[in-house]
Amino acid sequence: MVDVAFQQNRVQGVRRAGKRITLRNALKRKSTAAFLMTLPLILLIAILVIYPAFYAIHLATLNKAMTKFVGFGNFQFLFKRDTFWMVVEQSCIFAITAVIFKALIGFIVAHFAHNIPSRKQRKWRGMLLVPWVIPPAMSTLAWLWLFDPSYSAFNYTLGAFGIGPISWLGEAGWARFSVILVNVWFGAPFFMIMYLAALKSVPDQLYEAAAIDGANWWQRIWYVTLPMMRNIIAITTLFSLIVTFANFDITRILTAGGPLDRTHLFATWAFKIGIEGSDIPLGASVSLFMAPILAVAAFFILRDVSKRGNEA
Amino acid sequence: MSTLTIDKSGPRRKVKYGSMSRDRVWALRWSYFFLTLFAIFSLLPPIYMLITSLKSSAEISAATNPWWVYHPTLSNYIELLTSNQFLRFFWNSAIISVVVVAITMLISVPAAFALARMKFWGSATLATGVFLTYLIPDSLLFIPLFKMFALVGDWTGIQLINRWYVLLFIYPTLTVPFATWIMIGYFASIPKELDEAAIIDGASWFQTLTRVFIPVALPGLIAATIFAFTVSWAQFLYPLVFTTSTDQLVMPVGIITTLIKGDVFNWGQIMTGALLGAAPPLIIYAFLMDYYIAGLTAGATKG
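Chains A and B supply the protein sequences, listed in that same order. If you count by my numbering, then the first sequence holds residues 3 to 314, one letter each, in order. If you count by my numbering, then the second sequence holds residues 836 to 1138, one letter each, in order.
Please keep in mind that the hints were generated in silico from the structure rather than gathered at the bench. Among the hints, erroneous ones may be present.
[As the list claims (entries may be wrong)] Derived pair list, reagent style SDA-like, types lysine to any residue, alpha-carbon separation capped at 20 Å:
id: 1; chain 1: A; residue 1: Lys202; chain 2: B; residue 2: Thr960
id: 2; chain 1: A; residue 1: Lys70; chain 2: B; residue 2: Ala985
id: 3; chain 1: A; residue 1: Lys122; chain 2: B; residue 2: Tyr867
id: 4; chain 1: A; residue 1: Lys32; chain 2: B; residue 2: Ala959
id: 5; chain 1: A; residue 1: Lys32; chain 2: B; residue 2: Thr960
id: 6; chain 1: A; residue 1: Lys125; chain 2: B; residue 2: Asp1036
id: 7; chain 1: B; residue 1: Lys954; chain 2: A; residue 2: Leu38
id: 8; chain 1: A; residue 1: Lys125; chain 2: B; residue 2: Phe1041
id: 9; chain 1: A; residue 1: Lys125; chain 2: B; residue 2: Asp1125
id: 10; chain 1: A; residue 1: Lys32; chain 2: B; residue 2: Asp1036
id: 11; chain 1: A; residue 1: Lys125; chain 2: B; residue 2: Thr1045
id: 12; chain 1: A; residue 1: Lys125; chain 2: B; residue 2: Met983
id: 13; chain 1: A; residue 1: Lys32; chain 2: B; residue 2: Leu863
id: 14; chain 1: A; residue 1: Lys70; chain 2: B; residue 2: Leu986
id: 15; chain 1: A; residue 1: Lys122; chain 2: B; residue 2: Ile1035
id: 16; chain 1: A; residue 1: Lys125; chain 2: B; residue 2: Pro881
id: 17; chain 1: A; residue 1: Lys32; chain 2: B; residue 2: Ile1035
id: 18; chain 1: A; residue 1: Lys122; chain 2: B; residue 2: Leu1123
id: 19; chain 1: B; residue 1: Lys954; chain 2: A; residue 2: Ser33
id: 20; chain 1: B; residue 1: Lys954; chain 2: A; residue 2: Leu41
id: 21; chain 1: A; residue 1: Lys66; chain 2: A; residue 2: Ile277
id: 22; chain 1: A; residue 1: Lys32; chain 2: B; residue 2: Phe955
id: 23; chain 1: A; residue 1: Lys202; chain 2: B; residue 2: Ile875
id: 24; chain 1: A; residue 1: Lys125; chain 2: B; residue 2: Leu863
id: 25; chain 1: A; residue 1: Lys122; chain 2: B; residue 2: Thr871
id: 26; chain 1: A; residue 1: Lys32; chain 2: B; residue 2: Ile875
id: 27; chain 1: A; residue 1: Lys125; chain 2: B; residue 2: Trp865
id: 28; chain 1: A; residue 1: Lys122; chain 2: B; residue 2: Thr1045
id: 29; chain 1: A; residue 1: Lys274; chain 2: B; residue 2: Met983
id: 30; chain 1: A; residue 1: Lys202; chain 2: A; residue 2: Glu173
Whole structure, please, built from the sequences with the hints as guidance.
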């Protein structure tokens, strides 16, 4: 953003120093042309993103039949329900755990991929990115089949070691574990690619200097790699936190919120109430709870990014 | 975020950890060992899809070794590829993805050009707005959008709910913001001298875009196209909300709602369907991996 604006100022300065009359004509045409070029984008965002966002707030204040204004009635109703607080707790556990593991695994794998000769990196990177390329709905089906209690692979393999059949999706604890595992599987490649790109941009001289000063590998990671990658770590975590928090596909297909609502997230619960249960206002209220949490996450991490950027 | 190059060769420098060569050899061995472990983890579900898709229902229910196919058969593939219903899903997905990609590029390329190069009132705000829009998840908007399109149907009599083409309006809300965002990045990385030269030679803004920017930023354009396609193809929540009749469904929703019938899971067919549904993005990825990665590191996607 900053970069774009800066370059525009520079070029205008250059042009201003050059031909004055052509510049004025160009500017005259430019503002109209620019407006026309961005008009479809503005319309799309205004009608199909901003308007629905405010419409959701309006919907959340209506009663189930959408005939009467009830103010905060839906929210009051939600606050009194145990399921709602369970969903809040589960969404937080799910998002935080999954993002931490995605970031850790991505960081570790990126280091290993960075270690090997660059000719071979392409092949490995290609294999490791596959989870992210397959549509999540399709790959989750494969996981559903892997988790199948009676016929399937995991319990068969564990049975060979004498570990009894685990009800992967039938028990609350295991179901939460499975949902997080699939999310980590899907999201870790994204972190891996981002970190690998960031690792390549760390200058070699820094490691050489650290090695001369007698730093061990842990000190090199802690004092060289991590500070150099701080921005990219913050940005990736922001993206992932938002997306993981709002996740729908994986939980919906794997458990549909069960057993006994123990894996419901905001998105799946809002779908269950709003679309399947036809209580659109209540569903809208549930999904609105994602907005402040996402906004806070975005704010904190973006602030962090700009702060670090100024230091550097 | 503005310097985006496609990295075909990898880094040029050799990575040297430690000073002794024996250390390096061991570090390399451990790296390969762990990379192999992670690769197995990554490829487990797609490989398992393939294994199961080659089995007959009899073999699956016999509960033999799930990791091995004793009697490979293509019957699942033949059954699905000759079923009109399944071909209908495929066709719906294909036409929606292609049209959405076209709409996305038509909206986002001119907009990105205007935002990257033609500074006008509110352009910086709008660029930030595009970025923020890109952060809004689909699960926040599906309920109001559903109600909106239902109301449009009530007021105008044009029924849009439960028609596949309603998705042509919805998907651009996901694809346009990020396509615009990465195209702003690519356009901003083009040297100013190029468009200055074009303007001096008398090119209009439109000609500068089509004759200079689009050819120069072609890698970015391809990355954005691939992403728009992948997102449209993989979208699950919106079609699940907006379409219900079996002839209106797209691939992911169709496979999940029609092949899973109650408690009877025909896993052979489900895995075949899932593999065929995953095939188009995988094939594009196999051929255009470098563009995928360039777009990914340009902040093009979420994961």
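Verification of the supplied hints:
Restraint check: the Cα-Cα separation between Lys202(A) and Thr960(B) comes to about 32 Å, which exceeds 20 Å; the hinted pair is violated. The suggested pairing of Lys70(A) with Ala985(B) holds, with an alpha-carbon distance near 19 Å, which does not exceed 20 Å. At most 20 Å may separate the alpha-carbon atoms for a hinted pair to count; Lys122(A) and Tyr867(B) meet this at roughly 11 Å. A distance of roughly 16 Å separates the Cα atoms of Lys32(A) and Ala959(B); the hinted pair therefore holds under the 20 Å criterion.
At most 20 Å may separate the alpha-carbon atoms for a hinted pair to count; Lys32(A) and Thr960(B) meet this at roughly 18 Å. The suggested pairing of Lys125(A) with Asp1036(B) is violated, with an alpha-carbon distance near 45 Å, which exceeds 20 Å. Taking the CA atoms of Lys954(B) and Leu38(A), the gap is about 13 Å. The hint holds against a cut of 20 Å. Our distance criterion of 20 Å between C-alpha atoms is broken by Lys125(A) and Phe1041(B), whose separation comes to about 40 Å.
Taken as a hint, the Lys125(A) and Asp1125(B) pair is honoured in the structure, with Cα atoms around 11 Å apart against an allowance of 20 Å. At most 20 Å may separate the alpha-carbon atoms for a hinted pair to count; Lys32(A) and Asp1036(B) meet this at roughly 16 Å. The straight-line distance between the Cα atoms of Lys125(A) and Thr1045(B) is roughly 35 Å, outside the 20 Å bound, and the hint therefore fails. Simply put, Lys125(A) and Met983(B) have alpha-carbon atoms about 46 Å apart, too far for the 20 Å limit, and the pair is violated.
For a cut-off of 20 Å, the pair hint linking Lys32(A) to Leu863(B) is broken: about 56 Å separates their Cα positions. Between Lys70(A) and Leu986(B) the CA atoms are separated by roughly 17 Å; this keeps the pair inside 20 Å, and the hint holds. For a cut-off of 20 Å, the pair hint linking Lys122(A) to Ile1035(B) is broken: about 46 Å separates their Cα positions. Simply put, Lys125(A) and Pro881(B) have alpha-carbon atoms about 17 Å apart, close enough for the 20 Å limit, and the pair holds.
Among the hinted pairs, Lys32(A) with Ile1035(B) is consistent with the structure: their alpha-carbon atoms are about 15 Å apart, no more than 20 Å. Distance restraint check for Lys122(A) and Leu1123(B): the Cα-Cα separation of roughly 17 Å lies within the 20 Å cut-off, and the hinted pair is therefore satisfied. Taking the CA atoms of Lys954(B) and Ser33(A), the gap is about 8 Å. The hint holds against a cut of 20 Å. With a C-alpha separation of about 15 Å, the suggested pair Lys954(B) and Leu41(A) falls inside the 20 Å cut-off, and the hint holds.
A threshold of 20 Å between alpha carbons decides the hint, and for Lys66(A) with Ile277(A) the separation of about 12 Å falls inside it, so the pair holds. With a C-alpha separation of about 8 Å, the suggested pair Lys32(A) and Phe955(B) falls inside the 20 Å cut-off, and the hint holds. Taking the CA atoms of Lys202(A) and Ile875(B), the gap is near 25 Å; set against the 20 Å cutoff, the hint is violated. For the hint linking Lys125(A) to Leu863(B), the alpha-carbon distance of about 16 Å falls within 20 Å, and the restraint holds.
The hinted pair formed by Lys122(A) and Thr871(B) meets the criterion: a straight-line CA distance of about 13 Å does not exceed 20 Å. Taking the CA atoms of Lys32(A) and Ile875(B), the gap is near 54 Å; set against the 20 Å cutoff, the hint is violated. Pair hint Lys125(A) plus Trp865(B) holds up; C-alpha atoms about 17 Å apart against a cutoff of 20 Å. With a C-alpha separation of about 38 Å, the suggested pair Lys122(A) and Thr1045(B) falls outside the 20 Å cut-off, and the hint is violated.
Of the pairs offered as hints, the one joining Lys274(A) and Met983(B) holds, with about 19 Å between alpha carbons and a cut-off of 20 Å not exceeded. Distance check on the hinted pair: Lys202(A) and Glu173(A) sit about 43 Å apart at the alpha-carbon level, beyond 20 Å; violated.
Consistency with the previously given hints fails for numbers 1, 6, 8, 11, 12, 13, 15, 23, 26, 28, 30, ordered from lowest to highest.
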